[in-house]
Amino acid sequence: MKTHILILVFFLSAGSVFSQSSLSVRLLTISAHPFAKQNLPLHQNKIDNKGYFTFEPGLIFSYDRFIAKKLSFRISTSVMNDRYNTLAGYSQIMLKYKVLKYYKHSFYIGFGPAIHYETDKTGTEGWVNEANYKQSGNTLYKVSWLSGMAEYNYYLTKKIDLAVTLNHTHSRSLGLSIGVRFDIPDPNGKGCDCPSFR
Numbered sequence: 001m002k003t004h005i006l007i008l009v010f011f012l013s014a015g016s017v018f019s020q021s022s023l024s025v026r027l028l029t030i031s032a033h034p035f036a037k038q039n040l041p042l043h044q045n046k047i048d049n050k051g052y053f054t055f056e057p058g059l060i061f062s063y064d065r066f067i068a069k070k071l072s073f074r075i076s077t078s079v080m081n082d083r084y085n086t087l088a089g090y091s092q093i094m095l096k097y098k099v100l101k102y103y104k105h106s107f108y109i110g111f112g113p114a115i116h117y118e119t120d121k122t123g124t125e126g127w128v129n130e131a132n133y134k135q136s137g138n139t140l141y142k143v144s145w146l147s148g149m150a151e152y153n154y155y156l157t158k159k160i161d162l163a164v165t166l167n168h169t170h171s172r173s174l175g176l177s178i179g180v181r182f183d184i185p186d187p188n189g190k191g192c193d194c195p196s197f198r
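If you're matching positions, the sequence shown starts at 1 in our numbering and goes up one per residue.
Worth flagging that the hints you see were computed from the coordinates, not collected in a lab. Do not take every clue at face value.
[Claimed, not checked] The calculated lysine-lysine pairs, modelled on BS3-like cross-linking and capped at a C-alpha distance of 30 Å, are:
#  : residue 1 : residue 2
1  : K104      : K158
2  : K142      : K37
3  : K159      : K101
4  : K104      : K121
5  : K50       : K134
6  : K101      : K121
7  : K104      : K69
8  : K46       : K159
9  : K37       : K159
10 : K121      : K50
11 : K50       : K98
12 : K121      : K37
13 : K70       : K134
14 : K69       : K134
15 : K69       : K101
16 : K46       : K121
17 : K98       : K69
18 : K46       : K104
19 : K50       : K104
20 : K101      : K158
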């Protein structure tokens, strides 16, 4: 546990050199469950007939701290109404890398561990623990040691971007989110990520 705290302090303190950071709020919309099998009949808010695609409304909150010009440290947490119409969410830490930037467009990928959690369903008739979730009280959880995301940002103003992200919402699912990213200005006036910045 102490090691994890030291790593976190290192990344946050290293980020102070570059200072630029941002907050983002995104709405979760459609989710895909390509590996679901036995639990498909239990899926609610289906978009297709079988339930591989569902509507899972929710919110994702993220904080990014730059540790290099193209590299940032991201912390995210979310809450959603999942495919079973119960409460679920995930929390994640990752390194996020800017793959491409062209004028008002930028594309990022990120990787790091995540913990997925959802309301206990062991008493639900027909539910199968396909993803091998563990149980703690009335919560099911699973750690994904290699989790990821892909994000597209479109510059709207000097401090605000439109963000469209593909998220690892459940251990075997992907979700699409749409929202905004707010840049927190560098007190030294450096590190702007606007179209004119080089």
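Here is what the structure says about each hint:
Only pairs whose Cα atoms come within 30 Å are accepted, and K104 paired with K158 is accepted, the gap being roughly 11 Å. Between the alpha carbons of K142 and K37 the distance comes to roughly 18 Å, so the proposed pair stays at or under 30 Å and holds. At most 30 Å may separate the alpha-carbon atoms for a hinted pair to count; K159 and K101 meet this at roughly 16 Å. Between K104 and K121, the direct Cα distance comes to roughly 44 Å. Violation of the 30 Å bound is thereby established for this hinted pair.
For the hint pairing K50 with K134, the CA-to-CA distance comes to about 26 Å; that is within 30 Å, so the pair holds. Distance restraint check for K101 and K121: the Cα-Cα separation of roughly 43 Å exceeds the 30 Å cut-off, and the hinted pair is therefore not satisfied. Annotation: proposed proximity of K104 to K69 holds, straight-line Cα distance about 17 Å (limit 30 Å). Among the hinted pairs, K46 with K159 is inconsistent with the structure: their alpha-carbon atoms are about 37 Å apart, more than 30 Å.
For the hint linking K37 to K159, the alpha-carbon distance of about 44 Å lies beyond 30 Å, and the restraint is violated. With a C-alpha separation of about 20 Å, the suggested pairing of K121 with K50 holds against the 30 Å cut-off. Between K50 and K98 the alpha-carbon distance is near 36 Å, which puts this suggested pair outside the 30 Å criterion. Between K121 and K37 the alpha-carbon distance is near 16 Å, which keeps this suggested pair within the 30 Å criterion.
Simply put, K70 and K134 have alpha-carbon atoms about 36 Å apart, too far for the 30 Å limit, and the pair is violated. In summary, the hint linking K69 to K134 is not supported, as the alpha carbons are separated by about 39 Å, beyond the 30 Å threshold. About 12 Å separates the Cα atoms of K69 and K101, which keeps this hinted pair within 30 Å; it holds. Proximity of K46 to K121 is assessed by CA-CA distance (about 19 Å); at most 30 Å being required, the pair is judged to hold.
For the proposed pair K98 and K69, the alpha carbon gap of about 9 Å is at most 30 Å, so the pair holds. This hinted pair does not check out: K46 and K104 have alpha carbons roughly 35 Å apart, beyond 30 Å. Under the criterion of a C-alpha separation no larger than 30 Å, the hint pairing K50 with K104 is inconsistent with the structure, at around 39 Å. For the hint linking K101 to K158, the alpha-carbon distance of about 15 Å falls within 30 Å, and the restraint holds.
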